[in-house]
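These are the residues of each chain, in order.
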Amino acid sequence: MVKLKINGTEREAQAPAQRLLLDFLRYDLGLTGAKEGCGVGVCGACTVLVDGELFASCLTLAAAIEGAEVTTIEGIADQGRLHPVQQAFIDHGGFQCGICTPGQIIAAKALLDFNPQPTEDEIKQWMMGNLCRCTGYYGIINSVAAAARNTRNNAPRQPTDD
Amino acid sequence: MIDFEFHSPSSLDDALEMLERYGGDARLMAGGTALVLQMKQRFAQPAHIIGLRPLAQTGGLSAVQETDAAEPYVEETDADETPKSIRIGALCTLRRLEDHPLLRARIPLLADAVRRVATRRIRSMATIGGGLVNGDPSQDPPPALIALGASVELTSPSGTRICPVEQLFIDYYETDVRPNEALTAVLVPVPPADTRGAYLKFLPRTADDYATVSTAALVPRNPNNTCRDVRIVLGAAGATPIRARAAEDLLRGQELTDDAIRAAAATVPDAVDPLDDFRGSSDYKRQMAAVFTRRALTQALGYNKGTATP
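If you read the protein sequences in the order shown, they are chains E and A.
Residues in the first sequence are numbered consecutively from 1, following this note's numbering.
Residues in the second sequence are numbered consecutively from 1001, following this note's numbering.
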């Protein structure tokens, strides 16, 4: 039995020792946002947060992080209101085919949590580990920069009624 | 991935006891970035995995602390100051190290080398100890650690022993860590204030790649600009990280002119033994090892504008 706190909710499921976190999310819990791309930790499509840290869920054994808090793309909107990074990707064309997008958005959220006002160079350095095979990198960089601006304009983020 | 049994030890002693019980069928797992990948590719097929993540917050196993040094790297110029070391718990992630104010202030050469590993995501998972035990000669921290004169603490049920990082690596993916031992800490002497260092990594493919070749250089200088000592260590240039001893011998005690640096770098192709692979031929890497040695020494001496200091 593997027990994890996923997007704020305790979840548990029977899983063999070799179950990867990515497969645990997708097949045991039905959270299909994180994708398998390369399967070797390079492409970033499977990126999630584990106790607030960026993780490649394709290289993480679910059993190895027993009890940890996992945040996936499904968990960052706030009661139906999109996270500023999600909204910025929509507003600024941050995706084309979309398969890398959950990983891109989780990586960008982690960047802004760590460094709310990154320079363009800092965005490129940080996002280097998330590949986009449509090569829509300018849209992604613009989206992250816009999310940083919006977060600053709205900071601190207020709870909303809608 | 083949089937295996996963174990969550409650303490380091518990983990060591499991290691003893399961013997050669067991592997300790820290961040898992190397081991899970090797298991997926069936290079490693352990029957038992002992997961160390639950121990990261116990017994200083991921702490970064300044301590008095047992053995300073070089004699201090200022006799009033006690030589210091930074002790890094083996389960400290590379991400925490690259951001750690103490490490960045006291041993920026190591913080720089750590920051060159793969991507932020991999550095958030991978640990300093796990990488060393993996024994891959293309990794970034080992050349810097060897240049700095660092050691590792190896713990077994019968006690601990200290092994210099320079003697830790035996062959490709083979280390001096015994089957009943866990690498528990890395001990890095803080270089004297007049010491400069640089870590350069040749990356012709992508920014998150392993090095084609890499060079760490550490140069303690005398006030008259002669070189009191020097360490030059090449990564991805052989079965283990390699000290360029002939180059070091040419520079030690000499004035660090551009000609002296060029003459020293010219000895490097004979000191290394790189593999032919998709990153380049062995001959090409030998030449690049010399080029990056020259650049690392030049950068360490601050001849180039805007380069990192010590």
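Hints were generated in silico from the structure; no laboratory data involved.
Please read all numbers here as calculations on a predicted model, not as lab measurements.
Keep in mind that a hint or two might mislead.
For each label pair, taking beta carbons as the anchor points, the in silico distance ranges come out as [said to hold, decoys possible]: (1) A:1291 to E:135: 39 to 45 Å; (2) A:1179 to E:10: 14 to 20 Å; (3) E:138 to A:1099: 41 to 47 Å; (4) E:67 to A:1059: 16 to 22 Å; (5) A:1102 to E:52: 20 to 26 Å.
Glycine included, every Cβ here is placed at the ideal spot set by N, Cα and C.
Results for each hint:
Residue 1291 of chain A and residue 135 of chain E have their C-beta atoms about 31 Å apart, which leaves the hinted 39 to 45 Å range violated. Between residue 1179 of chain A and residue 10 of chain E the CB atoms are about 38 Å apart, so this pair departs from the stated range of 14 to 20 Å. Checking the proposed 41 to 47 Å range against residue 138 of chain E and residue 1099 of chain A shows it is violated: the Cβ atoms sit about 28 Å from each other. Here the CB-CB span from residue 67 of chain E to residue 1059 of chain A is close to 19 Å, well matched to the stated 16 to 22 Å.
Range check, residue 1102 of chain A to residue 52 of chain E: about 21 Å between beta-carbon atoms, so the 20 to 26 Å window is met.
Of the numbered hints stated above, those contradicted by the structure are hints 1, 2 and 3, listed in ascending order.
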